[in-house]
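Asks: Protein chains in written order, with my numbering: chain A, 1 to 310; chain B, 1 to 310; chain C, 1 to 241; chain D, 1 to 241.
Since the hints were derived computationally from the structure, they do not count as laboratory data.
Every residue gets a Cβ at the ideal spot worked out from N, C-alpha and C, and that includes glycine.
Hints may contain errors.
Here chain B is said to cover these stretches of chain D; the calculated rule only asks that three of the stretch's residues, wherever they fall, bring their Cβ under 8 Å from a Cβ of chain B [what the hints assert, rightly or not]:
hint: 1; segment: 6 to 20
hint: 2; segment: 41 to 52
Below 35 Å or equal to it, Euclidean Cα-Cα: the simulated DSBU-like pairs (lysine-lysine) are [stated by the list, open to error]:
hint: 3; chain 1: D; residue 1: 211; chain 2: B; residue 2: 310
hint: 4; chain 1: C; residue 1: 211; chain 2: B; residue 2: 310
hint: 5; chain 1: C; residue 1: 211; chain 2: A; residue 2: 94
hint: 6; chain 1: D; residue 1: 211; chain 2: A; residue 2: 302
hint: 7; chain 1: A; residue 1: 302; chain 2: A; residue 2: 94
hint: 8; chain 1: B; residue 1: 94; chain 2: B; residue 2: 302
If you only want the chain D side, here are some residues facing chain B, beta carbon under 7 Å, derived [as the list claims (entries may be wrong)]:
hint: 9; residue: 88
hint: 10; residue: 160
hint: 11; residue: 163
hint: 12; residue: 208
hint: 13; residue: 209
hint: 14; residue: 210
hint: 15; residue: 218
hint: 16; residue: 220
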Amino acid sequence: MNPEITLETNLCGVRLPNPTLLASGILGTSAALLERVARAGAGAVTAKSASLEPRAGHPNPTVISWEAGLLNAVGLANPGATAQAGILRDARSKLATLGVPLIASVFGGTSEEFAGVAQVLAEAEPDFLELNISCPNVGDEFGRPFAADPQAAAEVTRAVKAVVDVPVIVKLSPNVADIAGVARAVEEAGADAIAAINTVRGMAIDVRAARPVLANRFGGLSGPAIKPVAVRCVFECFAAVSIPIIGIGGVSNGLDAAEMMMAGATAVGIGSAVYQNGPEVFARITHELATFMTEESYRSVKEMRGAAHK
Amino acid sequence: MNPEITLETNLCGVRLPNPTLLASGILGTSAALLERVARAGAGAVTAKSASLEPRAGHPNPTVISWEAGLLNAVGLANPGATAQAGILRDARSKLATLGVPLIASVFGGTSEEFAGVAQVLAEAEPDFLELNISCPNVGDEFGRPFAADPQAAAEVTRAVKAVVDVPVIVKLSPNVADIAGVARAVEEAGADAIAAINTVRGMAIDVRAARPVLANRFGGLSGPAIKPVAVRCVFECFAAVSIPIIGIGGVSNGLDAAEMMMAGATAVGIGSAVYQNGPEVFARITHELATFMTEESYRSVKEMRGAAHK
Amino acid sequence: MNSQTSHFACRIERVERENYRVATFTLDLALDAAPGQFVMLWLPGVEERPLSLMACDPVTLTVARVGPFTTALHERRTGERVWVRGPYGNGFRQTGEHPLLVAGGYGVAPLLFLTRRLQATSAHPTVLIGARTARDVIFVERFGALDVPVLVATDDGSQGTQGLAPDVAARAIESQPVSSLYACGPEPMLDGVAALARRHRLPAQLSYERKMRCAFGVCGTCARDDGWLVCRDGPVRFEEP
Amino acid sequence: MNSQTSHFACRIERVERENYRVATFTLDLALDAAPGQFVMLWLPGVEERPLSLMACDPVTLTVARVGPFTTALHERRTGERVWVRGPYGNGFRQTGEHPLLVAGGYGVAPLLFLTRRLQATSAHPTVLIGARTARDVIFVERFGALDVPVLVATDDGSQGTQGLAPDVAARAIESQPVSSLYACGPEPMLDGVAALARRHRLPAQLSYERKMRCAFGVCGTCARDDGWLVCRDGPVRFEEP
Ligand SMILES: Cc1cc2nc3c(=O)[nH]c(=O)nc-3n(C[C@H](O)[C@H](O)[C@H](O)COP(=O)(O)OP(=O)(O)OC[C@H]3O[C@@H](n4cnc5c(N)ncnc54)[C@H](O)[C@@H]3O)c2cc1C
Ligand SMILES: Cc1cc2nc3c(=O)[nH]c(=O)nc-3n(C[C@H](O)[C@H](O)[C@H](O)COP(=O)(O)OP(=O)(O)OC[C@H]3O[C@@H](n4cnc5c(N)ncnc54)[C@H](O)[C@@H]3O)c2cc1C
Ligand SMILES: Cc1cc2nc3c(=O)[nH]c(=O)nc-3n(C[C@H](O)[C@H](O)[C@H](O)COP(=O)(O)O)c2cc1C
Ligand SMILES: Cc1cc2nc3c(=O)[nH]c(=O)nc-3n(C[C@H](O)[C@H](O)[C@H](O)COP(=O)(O)O)c2cc1C
Ligand code: FES
Ligand code: FES
C-alpha cells in the first residue's frame with residue numbers, strides 16, 4: 001500500500017484504522033465472531049441488535065439469497081440486553097489490543113425500552129451505541145419502525161441521549177418518502193452520527209409453493225440490489241445534516257466504498273458482501289480502496305467525502 | 001400452448017388477450033412503437049407519460065444499465081398533451097384490429113393540470129388513463145410526487161375522475177413508508193385500478209468522475225433489482241384494496257409474472273426486461289407463464305391471483 | 001425468487017425406512033456436491049432445516065424423526081413436494097490410504113457418500129457404526145453392498161462389539177492399519193474421536209452440527225464458541241495431528 | 001456503478017485533425033466490436049452522445065465539431081479523460097465480392113473500420129467519399145493506406161468527380177463490378193443510395209442516426225417513423241433487393 005495514503009478515519013472523535021465497518025446483524029452474534037471480523041480487517045465492528053428481553057427470532061426460512069442480494073427476516077433474534085452486555089464486554093477486551101472500535105446496537109418497542117436497553121449496553125462501554133429504529137422485519141409485533149416518522153425518530157434519539165454519554169448513531173430506513181427529513185430530525189434531537197441504510201422492505205414468493213418464502217412473509221433486501229438506493233440516501237442525508245454518516249448498503253468492493261464516501265459517508269458499513277467472500281472481504285475492500293486512492297491521487301479518505309456534491 | 005389454459009385477463013371490464021402489458025416510458029413514444037409491441041405479444045400497451053406542455057426531458061446521461069437493472073432520469077420527455085392525443089388516436093386505430101387495449105399516461109404538476117391533461121388525452125379514447133403520480137425524477141421541478149402522500153394522491157384521483165369517464169389507473173410509488181395507505185386513499189377517491197410500482201429512487205456515482213452519472217443526479221431504479229420491492233408492494237396493496245392491481249417491477253420471465261399475480265396482481269407490467277430481449281420479451285413471458293400454468297394445473301390466470309395470501 | 005429461485009421445488013421419488021425413526025428420502029433433483037456438504041430443506045408452512053447429503057445425484061437424505069420438522073417430513077409420501085437450497089458448506093477431503101469412518105446415528109449418511117467417493121480412489125476405507133442399541137444400527141447393508149469392512153459398536157452390546165464408538169475405534173486402530181479418521185455423529189462422539197486422533201497423531205475430519213439460519217456464513221447463528229462457522233467454515237473440521 | 005460501472009473511464013491517447021471541423025480521437029480502451037457499432041461518449045457535466053467506432057482496439061472516434069458536445073470534445077487534449085459505454089447496435093454484415101462503400105462526412109469512420117474487416121475476407125471493396133467541397137473531404141489517405149480504390153465526389157467539383165455521392169455511385173456501378181452497397185452519411189444521401197440499390201437490385205446496408213438516450217432499445221427516443229429503433233435494430237439497416 002502506498003505509504004502516502006492514509007485510510008485512518010475519525011468518526012465522532014473515535015479513531016478507526018480504516019473506514020470499513022461490520023454492519024449490525026451480520027456475524028456479530030458473539031465476541032469471538034466480532035474479534036474474528038476485526039482481525040480480518042474491519043475498521044470497526046457492530047454487534048447484533050439487542051432488545052430488553054431475549055428474542056428467538058422468526059422461524060426459518062429467515063435468510064435467502066438471490067442474484068442481486070439477500071432477503072432476510074431473522075426477526076432480531078438475540079439473547080436480551082443483559083446477556084448482550086456480557087458479549088459486548090468480552091468483545092471489547094478482545095478488540096482493545098486490535099485498536100478496532102465496538103458499536104453496540106439497540107432495539108426496543110418504545111422510546112423507554114430503547115433508553116433502557118441503551119443503558120444496559122452502555123455499561124459494557126462500547127465505543128458507540130447504534131439505535132436500530134429501522135428494522136423492517138418486526139412490523140407485525142411493533143408496527144411501523146420509528147424511522148418511518150421524523151418525530152418518532154427524534155423522540156427515541158432524545159430518550160437515549162438523555163441516559164447515556166457514549167456517542168449515539170441513529171440507523172435510518174430507506175422505506176420512507178423523505179429520509180433527509182428524518183436525518184434532520186434526529187440530528188436536532190442530538191444524534192452524533194447517522195447510519196444509512198437499513199434494509200429495503202421486500203418479499204419473495206415461491207410460485208410452486210404459492211406462498212412467501214420467508215416465514216415472516218416480508219423481509220429486508222440487502223446487497224448489490226440496494227446500493228443505488230443507499231448511495232442516494234447517503235447523498236440526501238449529507239445535503240441535510242452536518243453530523244457524520246455511516247454509509248451502508250450493497251458495498252462489495254473498494255470502488256463501492258469510494259462511491260459511498262463521495263456521496264457523503266465518513267465510514268462505510270459492510271454486511272451482505274460477507275456472503276461472497278467471508279470476513280476476508282474487509283481486507284480486500286480496504287486494499288481496493290487504497291489502490292483506487294493511489295490511482296486517483298487521494299491522500300486521505302476525508303478528501304473523498306462528499307466529493308460528488310461539488 | 002395447452003388449449004385448456006386461458007391467459008385472457010379482465011381488467012376493469014376491458015379484455016386483455018394476456019396479462020402482460022407494456023409499462024409506461026418504455027418504447028411507448030410513438031404509435032408505430034406501440035403497435036410493434038402489441039404485435040410482439042403484449043396484452044395491453046401503455047404510452048409514455050404526457051404533460052400539458054411539451055417537455056425536452058433531462059440532458060444525457062438519462063438511462064444507464066447495471067448488473068441488476070436500469071437507472072433512468074429521462075425527465076418525462078414528451079411532446080405535450082395535444083400532440084400526445086394525436087399519437088394515441090393513431091395508436092388506437094392501429095391496435096383496434098389486434099384487440100390490444102391502449103393505456104394513456106398522464107402527468108401534471110398540480111391536480112388541475114392532471115385533470116386538464118386527462119381531458120385532452122381522453123378525447124383520443126384510450127381504454128384506460130393511468131395517472132403517473134409517482135415519477136421520482138422531476139422532484140427538482142415539481143417537489144415530492146403526489147404518491148408520497150395519501151391525501152395528495154386522493155386529490156389528484158378525484159380531480160381526474162370528475163372530468164373523465166374512461167377507467168382510471170393510479171400508479172403508485174414504492175418510495176413511501178406505507179404504500180397500502182396510499183392505495184386505500186386512491187381507491188376511496190374513485191380509482192378503478194392501481195399500478196404498482198413506479199421506479200425506486202436511486203443514484204449512481206462515477207468514482208473517477210467524482211459525480212453522479214445521471215445529469216439529473218437522482219434517478220429511478222427498475223429491473224430485477226426491484227422485483228422483491230414490487231412484489232411486496234403489490235402484496236400489501238392487495239391486502240388493502242379491492243380494485244385490481246397492475247403489478248410492475250422487475251418482471252423478466254413467466255415465473256416472475258406468476259409471482260406478481262400470486263402477490264395480488266390482475267395484470268403484469270413489463271418495462272426493463274425489454275432491454276435484454278427486445279419487444280419479443282412479451283411472447284416469451286406469456287409462453288413461460290402458460291407452461292408454468294400447465295405444470296401447476298392452473299387453468300386461468302385468475303386462479304393465481306392473490307394465491308400467496310392464503 | 002424465480003428467475004433465480006432461492007429453492008428448487010422437487011418431489012420425493014422414493015422413501016425407504018431404515019429403522020423405527022430413520023428414513024431415507026430420494027428426490028427428483030441432482031446436485032453437484034461433495035460428501036459432507038448439506039442442503040437446506042424447506043417444508044412450506046413448517047420450517048427449513050439443514051440435512052446432510054447421503055447422495056447428490058439424485059439428492060438423497062437420511063433423516064431421523066426427532067421433532068416437529070422431521071416428523072412433518074416423515075409424513076410426506078412419494079410424489080409429494082419438498083424444497084431444497086444448496087449445497088452448502090465444505091465437504092470431506094481425502095487423506096490417507098486406510099481411512100476409518102466413524103458414524104453415529106444419521107451420521108452414516110454423509111459417510112456412505114464419502115465411502116463411495118473414496119472407493120473411486122486408491123483408499124481402502126473401514127466403517128464403524130456406533131449406536132445405543134441394535135435397533136438404532138442402520139446402513140449395515142448399504143455399506144455391505146459397497147464391499148467395505150463394517151464394524152458395529154453398541155452401547156449395550158446388542159449388536160457388534162459392546163462399547164462406545166471411540167473406544168471400539170481405538171481397538172481397531174491397534175489391530176489394523178488406520179491412516180486417518182473421519183467422524184459424523186453426536187458431539188460427544190466427535191470429541192472422543194478427536195481425542196483418539198490426538199493420541200494416535202492421526203489426521204481427523206469431524207462433521208459438526210449447529211442450529212442454522214442462512215447456511216452461507218452471514219447471520220452468525222451457527223458459530224461455535226471460537227467463532228468457527230459450522231455452515232461456512234464447516235461442517236467438516238480438520239484436526240491436524 | 002462501480003462493481004459494474006456503467007461507463008469506462010479512459011484517456012485520450014492521440015488527437016489527429018482531419019480537417020477544419022473533424023478530428024480523430026484514439027482512446028486507451030479496447031472493445032470487442034463490429035464496424036457499424038457505436039459507443040456512448042460521456043463528458044461529465046456536458047452531455048453524452050452516440051459516436052461510431054472508426055476502430056475498436058484501441059477505440060477510435062472521428063468527430064465533427066457541430067455543437068456544444070462535439071465542441072467540448074474537440075477542446076479535450078491528449079491525456080485528458082472521457083467516459084465510454086458500449087458498444088451498442090448491430091454492425092454491417094459482409095455481402096458480395098465487390099462492395100461499394102459510400103461515405104458522407106464523418107460517415108467515413110465506420111466505413112474505414114468496415115474496409116479493414118472486409119479486406120480480411122475475399123471481398124474487394126471500393127470506397128466513394130462524398131462531400132460538399134474539397135475541404136470537407138477526409139480520409140482519402142487513410143483509405144489509400146489500405147490500398148483500396150478511392151473515388152471522391154464533391155458537390156462543386158473542387159475534388160474528384162463533380163456530383164452528389166449517389167449519382168457518382170450510379171456511374172461507378174455502370175463502369176465496374178458492384179455486388180452490394182454500404183452507406184453512412186447524411187440521410188438524404190442514404191435515401192439516394194437506397195433508391196440506387198432498388199434500381200440495380202443490389203443489397204444495401206445503410207447506417208442511420210437519431211437522437212438517443214438509452215442506446216439499448218428501452219426509451220424509444222431513437223425510433224424512426226416505422227417503429228424501427230436506430231440504437232437496437234440498427235444503426236445499420238438492411239435493404240434487400
Ligand atoms: C450440517 C447439518 C447436517 C445435518 N444433517 C442431518 C441429517 O442428515 N439427518 C438428520 O436427520 N438430521 C440432520 N441434521 C439435524 C437436523 O437439522 C435436525 O435434526 C432437525 O433440525 C430437527 O428438527 P425438528 O423440528 O424435527 O426437531 P427439533 O425438536 O426442532 O430439534 C431436534 C434437534 O435438532 C436441533 N435443531 C433445531 N433447529 C435446528 C436448526 N435450525 N438447524 C440445525 N439443528 C437444529 C435441535 O438443537 C435439537 O437437537 C443436520 C444438522 C446440521 C447442522
Ligand atoms: C449511431 C450514431 C453514430 C454517430 N456517429 C458519429 C460519429 O462517428 N462522428 C460524429 O461526429 N458524430 C456522430 N454522430 C452524431 C453525433 O452524435 C452528433 O453529432 C452529436 O450528438 C452532436 O452534438 P453537439 O452537442 O455537438 O451538437 P448539437 O448542436 O446538439 O446537434 C448537432 C446535431 O446532432 C444531433 N443530435 C443532438 N443530440 C443528439 C443525440 N443525443 N444523439 C444523436 N444525435 C444528436 C442533432 O439532431 C443535430 O443534427 C452519430 C450519431 C448516431 C446516432
Ligand atoms: C441477515 C441480516 C441481519 C441483519 N440484522 C440487523 C440487525 O440486527 N440490526 C440492524 O441494524 N441491521 C441489521 N441488518 C441490516 C444490515 O446491518 C445492513 O444495514 C443491510 O444489510 C445493508 O447492508 P448490506 O447491503 O451491506 O448488507 C441485517 C442484515 C442482514 C442481511
Ligand atoms: C427509461 C424508463 C422510462 C420510464 N418512464 C416512465 C414514464 O414516463 N411514466 C411512468 O409512469 N413510468 C415510467 N417508467 C417506470 C416504468 O413504467 C416501470 O414502472 C418501472 O420501470 C418498473 O418496471 P420494470 O422493472 O419492468 O422496468 C420508466 C421506466 C424506465 C426504465
Ligand atoms: S447459519 Fe448463518 S452463519 Fe451459519
Ligand atoms: S435510444 Fe433508447 S430506444 Fe434507442
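Asks: Please go over all the hints and tell whether each is borne out by the structure.
Replies: Now the hints, each set against the structure:
For the segment 6 to 20 of chain D, the assignment as covered by chain B holds, since 3 residues bring a beta-carbon within under 8 Å of that chain's beta-carbons and 3 suffice. Taking a C-beta to C-beta cut-off of 8 Å, the segment 41 to 52 of chain D contributes 6 residues in contact with chain B, enough for the three needed, and the coverage statement holds. Proposed proximity of residue 211 of chain D and residue 310 of chain B is contradicted: the alpha carbons are some 50 Å apart, above 35 Å. For the hint linking residue 211 of chain C to residue 310 of chain B, the alpha-carbon distance of about 29 Å falls within 35 Å, and the restraint holds.
Between the alpha carbons of residue 211 of chain C and residue 94 of chain A the distance comes to roughly 25 Å, so the proposed pair stays at or under 35 Å and holds. Our distance criterion of 35 Å between C-alpha atoms is broken by residue 211 of chain D and residue 302 of chain A, whose separation comes to about 40 Å. Between residue 302 of chain A and residue 94 of chain A, the direct Cα distance comes to roughly 28 Å. Compliance with the 35 Å bound is thereby established for this hinted pair. Our distance criterion of 35 Å between C-alpha atoms is met by residue 94 of chain B and residue 302 of chain B, whose separation comes to about 28 Å.
Among the interface hints, the one on residue 88 of chain D is violated; its C-beta lies about 11 Å from the nearest C-beta in chain B, farther than the 7 Å criterion. Hint status for residue 160 of chain D relative to chain B: violated, with the closest Cβ pair at about 37 Å, above 7 Å. Hint status for residue 163 of chain D: violated, given a least beta-carbon distance of 35 Å to chain B, over 7 Å. Because the closest C-beta pair between residue 208 of chain D and chain B is about 15 Å apart, greater than 7 Å, the hint is violated.
Because the beta carbon of residue 209 of chain D sits about 15 Å from the nearest beta carbon in chain B, more than 7 Å, this interface hint is broken. Hint on residue 210 of chain D is violated. Least Cβ distance to chain B is approximately 11 Å, over the 7 Å limit. For residue 218 of chain D, the interface hint holds, the least distance from its beta-carbon to any beta-carbon of chain B being 5 Å, beneath 7 Å. Annotation: residue 220 of chain D was flagged as interfacial toward chain B, and the flag holds, the nearest CB pair being 4 Å apart, inside 7 Å.
Going down the numbered hints, you'll see the structure goes against 3, 6, 9, 10, 11, 12, 13 and 14, while the others check out.
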